[in-house]
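Add chain B to chain A, keeping to what the hints say.
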Amino acid sequence: MATLGHVQVPTGDQVPSSAFVVPATTVTSRHSAFVRVTHWVITLCFFALLVTGLEIVISHPRFYWGEAGNVFTTPLFKLPIPASRETVPTGYGYVLPDQNGWSRYLHFQAAWLAVFTGLVFTISSLFTGHLRKNLLPRKGDLSWRSFSTAIAGHLRFQRRSETEAWSYSVLQRLTYLFVIFVLFPLVIWTGLAMSPAFVSAVPAAVTVFGGQQSARTIHFFVSLALVLFLIVHVVMVCVAGFKSRMLAMITGRAGTHTERT
Amino acid sequence: MSDLSRRRLIKAGLVAAAGVSGVGLAGRIAQRYGLIPPDHGGIYGLGETLTYASQRLLTRHSLAREFSASQISKRPFANIVAPPSDAFLRLQAGGFADWRLSVNGMVARPSTFSLAQLKSYPTRSQITELQCEEGWSYIAEWIGVPLSHVLEAVGVQPQARYVVYFSIDRDWWDSIDMADALHPQTLLAYGMNGNELPVGNGGPLRIRLPRQLGYKSVKYIAGLTVTDSLKGFGRGLGSAAPESGYAWYAGI
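Residue numbers (my numbering), protein chains in the order written: chain A, -11 to 249; chain B, 7 to 258.
Just chain A, with the same shape it has in the complex (with noise of 0.2 Å):
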C-alpha cells in the first residue's frame, strides 16, 4: 500500500472489480480502449459541433415555437448578438461574415461521425459489460439515503475515496446515462426533424415536436445542456485531479502511485 499524505492509493491487489483478472505486473487500465478512443472522437465531434452550430445560428438569431417563423413573426426569445445577415433585425449596426457553408458541411461530417461512434460505443458497452459494470447504477444506489448521501457529498466538494474513484458515483452514473440514452438521441433526432427531406419520409419525427421551428428551439436548448454538462465534467476533472485523469483517458493507466487520483 502506498500513501501520499493522507491518501491511500490503492495497488494491484486492492482494486475492485475488473481490475481482478489484470496480472499484477500490468498497470491496471482505469478505462478500456474503446471508451477512451469513443470518448476523445465524441469530444472532437462536439467541439467541431458547438462551433459549426453557433455559426449557423449566427444566421438567425431569433427562436420560435411551432411550424414556421421569420422575421415578420413574433420570436420566442432572441439572442441578444449580432447577425451574419443583414435581414435579421438585431439592434447591432453591422453584419458578421457569412460562414454558413463549410459550417453546414462541418456539421453534418462531424453529426454522421459522432452518430457512428455512438453506435460504437452503445454495442461495445453492452458486449463489454460496460454498460451494466460502470454505467447502470448499482443495486442499492438508487436508494434515497445513498442518492442524499452522493449529493451532500457532492455538495461538500468531498473528495472520495480512492477506492470508490475506480468507480462511478451513482451521479456520476445518471448524469452519463442521461447524456448518452437522453440528451445525444434527442439533439440527433431534433437536428434530423429540421430535415425537409427527412420529415417527408417520417413525419412523426417533426410532428411531435409540434413543428419545426419547436424543433430547432429544442435543438438549441439541448445543445445548451450538453454544453453545460461539458462545462461541469471539465470541473470535476480538475477537482479529481486533471493530470491524472487526462492520462487516464488518454492512456488508460491510473494509479501511478506519483499522483492523487
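Calculated from the structure, these hints are not laboratory results.
For every residue, glycine included, the Cβ atom is placed at its ideal position computed from N, Cα and C.
Do not rely on the hints blindly, as some may be mistaken.
[Unchecked claim] Using C-beta positions, here's what the derived DEER-type ranges look like: (1) A:Phe169 <-> B:Gln37: 32 to 38 Å; (2) A:Phe65 <-> B:Lys125: 41 to 47 Å; (3) A:Asp86 <-> B:Gln165: 33 to 39 Å; (4) A:Gly79 <-> B:Gln37: 45 to 51 Å; (5) B:Glu202 <-> A:Ile69: 34 to 40 Å; (6) A:Leu67 <-> B:Lys125: 40 to 46 Å; (7) B:Leu20 <-> A:Val83: 51 to 57 Å; (8) B:Gln77 <-> A:His142: 43 to 49 Å.
Structure of chain B alone, referenced to chain A:
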C-alpha cells in the same frame, strides 16, 4: 516479434484490407445507383455523400409535408437577392408577356415556353413550407406546373440523370437529380397564395422543391438543361452553391 503480436498484426492487416475493398465496393455500387453527389470531393465529401445517399434511399418517393390553409404565413418573408438586371426590368414592364423558359439538352424536342403556355398545363397547388438554411421559414400555397409535366412534353432521353436550371441571371443556377426532377411536388411555380407569384418571392417563375432548403428553389427561372453529367456546368460541382461553399444537396 512474438506470435501474439504477429497474429494481431496479420489480423489488423486483413481487417484493414477488407475495410478498404469494402469502401471501394460500396463506392462503385453507390455510383451506379446515383448516390454520389457532384460535390463529393474534398474534406467534407464523405459526410456529404452519406447525407445524400441515405436521404435519397429514404426519400425517393416520399412527399413533403403539406399544410392546411389556416397555417399559411400571414407575411411570407422574401430574402434579398441581387438587384434585377435591365433585361429583367424590361420583361417586368411588359407584364412578363415575353418571359420565356427554354428547355434543351437530352430531350427529344428542345422547346421554348411562354408563361401562358405553362399556365395552360395541368396546375398543381400545394401548401408547403419554405425553409431557409439560415433557420427561418414560412408556409405558403405554391401554384404551378409540375416539372415532370414539362419534361414529359419535351421527351427526356432515358440516359438523363440531372436537370440543370438557370435563373435569368445565368450566374445563378442549380441542378437536381431525376428523382427530384420527376417528383410530383417539384413545381415550376408562377402563383402564390391565390395570386401571381410576387417578384420578391421569385416571380414570374420559380422552381419549388419543398423537400430541399430554400436556396435550391432558384428564382426567375428562364432555362432548363437535361443532362447525364454535371461536368460541363461551371466547375462541375452541380450548382453555383458549392462554388460559394454551400452543399449541392440541401435536404437537410
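Structure-based check of each hint:
1. A:Phe169 <-> B:Gln37: 32 to 38 Å: holds, 37 Å
2. A:Phe65 <-> B:Lys125: 41 to 47 Å: At roughly 43 Å between Cβ atoms, Lys125 of chain B and Phe65 of chain A fall inside 41 to 47 Å, so the hint holds.
3. A:Asp86 <-> B:Gln165: 33 to 39 Å: holds, 38 Å
4. A:Gly79 <-> B:Gln37: 45 to 51 Å: Holds: the Cβ-Cβ distance is about 50 Å, inside 45 to 51 Å.
5. B:Glu202 <-> A:Ile69: 34 to 40 Å: Since Glu202 of chain B and Ile69 of chain A have Cβ atoms about 38 Å apart, the given range 34 to 40 Å holds.
6. A:Leu67 <-> B:Lys125: 40 to 46 Å: Roughly 44 Å apart at Cβ, these two residues keep to the hinted range, so it holds.
7. B:Leu20 <-> A:Val83: 51 to 57 Å: Cβ of Leu20 of chain B to Cβ of Val83 of chain A: about 55 Å, so the range 51 to 57 Å holds.
8. B:Gln77 <-> A:His142: 43 to 49 Å: holds, 48 Å
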